[in-house]
Amino acid sequence: METWTTVAKLIGAGLAMGLGAIGPGVGIGILGMGAMNALGRNPEARGAIMTNMILGIAFAEAVAIYALVVAILLIFVA
Amino acid sequence: MSGKSYRGGLLKIMVLAVALFAMIIISFIGSEVGSGIVGSKPISFLNVEAPKYHPAPERPFHHLPITNTMITAWISIVVLGGLFFIGTRNMKLVPTGLQNFLELIVEVAANFIEDPAGKKHGTWFFPVCTTIFLFIVANAWVSLIPGFETIRINGEPLFRSANTDLNIPAALAVVSFCYVEYWGFKAKGISYLKTFFHFGPLWQALKLIFTGNFKAGAGSLLNGLISVFAGLLEILSHLIRMVSFTFRLFGNMTAGMILVMIMIFLVPWVLPSLFYGMEAFFGFVQAMIFGGLTLGFACAAVMEEE
Chain A
1 METWTTVAKL IGAGLAMGLG AIGPGVGIGI LGMGAMNALG RNPEARGAIM
51 TNMILGIAFA EAVAIYALVV AILLIFVA
Chain B
1001 MSGKSYRGGL LKIMVLAVAL FAMIIISFIG SEVGSGIVGS KPISFLNVEA
1051 PKYHPAPERP FHHLPITNTM ITAWISIVVL GGLFFIGTRN MKLVPTGLQN
1101 FLELIVEVAA NFIEDPAGKK HGTWFFPVCT TIFLFIVANA WVSLIPGFET
1151 IRINGEPLFR SANTDLNIPA ALAVVSFCYV EYWGFKAKGI SYLKTFFHFG
1201 PLWQALKLIF TGNFKAGAGS LLNGLISVFA GLLEILSHLI RMVSFTFRLF
1251 GNMTAGMILV MIMIFLVPWV LPSLFYGMEA FFGFVQAMIF GGLTLGFACA
1301 AVMEEE
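Chains A and B, in that order, give the protein sequences.
Okay, so the first sequence: first residue is 1 according to the numbering used here, each after it adds one.
Okay, so the second sequence: first residue is 1001 according to the numbering used here, each after it adds one.
So that you can see chain A by itself, here it is in the shape it has in the complex (with noise of 0.2 Å):
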């Protein structure tokens, strides 16, 4: 029984933090995509594309950061 809830344990963190991932992947490729088409279009503005792109990015990994959180949680204290 232990062994199963270990097992158990461990596919749901795998699971969480790789189903987890492909918003977020979809999500920074997308935001990668809008700042190189701004930056072809207004190469001038590259500074502030710059931080606007890492910003975006930022709040795109969050979400995969949260599976990961889960995924901590799975492991280490459930």
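Just so you know, not all the hints are guaranteed correct.
Here are the simulated SDA-like cross-link-like pairs (lysine to any residue), alpha carbons at most 20 Å apart as the crow flies [what the hints assert, rightly or not]:
{"hint": "1", "chain 1": "A", "residue 1": "K9", "chain 2": "B", "residue 2": "K1041"}
{"hint": "2", "chain 1": "B", "residue 1": "K1041", "chain 2": "B", "residue 2": "L1266"}
{"hint": "3", "chain 1": "B", "residue 1": "K1052", "chain 2": "A", "residue 2": "A13"}
{"hint": "4", "chain 1": "B", "residue 1": "K1052", "chain 2": "A", "residue 2": "G20"}
{"hint": "5", "chain 1": "B", "residue 1": "K1052", "chain 2": "A", "residue 2": "V77"}
{"hint": "6", "chain 1": "B", "residue 1": "K1194", "chain 2": "B", "residue 2": "E1234"}
In case anyone wonders, no lab produced these hints; they're calculated from the structure.
None of these values were measured; they are calculated from a predicted model.
Fit chain B to the supplied structure of chain A, relying on the hints for placement.
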């Protein structure tokens, strides 16, 4: 002449790059995982202890309820306070040295805040948002000092990055939440509650129905119900903000800590320093996001609706 020195510089850089690359390879093969892949014996001085992550902060002094993350938070408070005390002790009209640097920080922050918030509200938001930003940055960067987490007392590490304790991001999130609500009330008075309990359109609709104008009333009844529901959702979103604030900061800092630990375990030489640099950058970005989001929510709370 110049071509020769250029070539000499290039040679130096190439030698350095090859040496660093060789160090990475050697340290990977010498460590526990790499030696297992290659099939050789691990080299003793490259054998790093496998990383162990404890979610809860440790207590170095067993009979005192002081955790090691708390001690680190105190250190960053002392560092910040000392820096600003020394920098502003004898101020000059034309700043030099440390005073110049501190004025640069404060001025950039003030411009960043006044841009969306305006002059009047900017002076309200500036102290809290900047303090949150500086505190998180100090927490993140103090814990990047080499050897910081290796000092042990009673078998527990004496210091640990303060942001990797769930309590400190949670406390900051509650502070940010309370200040946003306080500013909302300060700017709009009691009518700030209208954001959450928006019964006006519903009463209007009911009044229309009961005064006999049934057709117009039934049409605006749905609108009234929707605005009541939107108000309730607003309450929920204000509360959930705290959770997302907490987990964003905690998760990012914890992930960084675990990443550095694992990289030191896999490749003990050279490569972890790259991740140290990345951690310094992410600490800054997360602090900026925490302060900036507080600013954004505060701006939304004090904004006049039409």
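Practice problem: Against the earlier hints, flag every one the structure doesn't satisfy and list their numbers going up. | Solution: 1, 4
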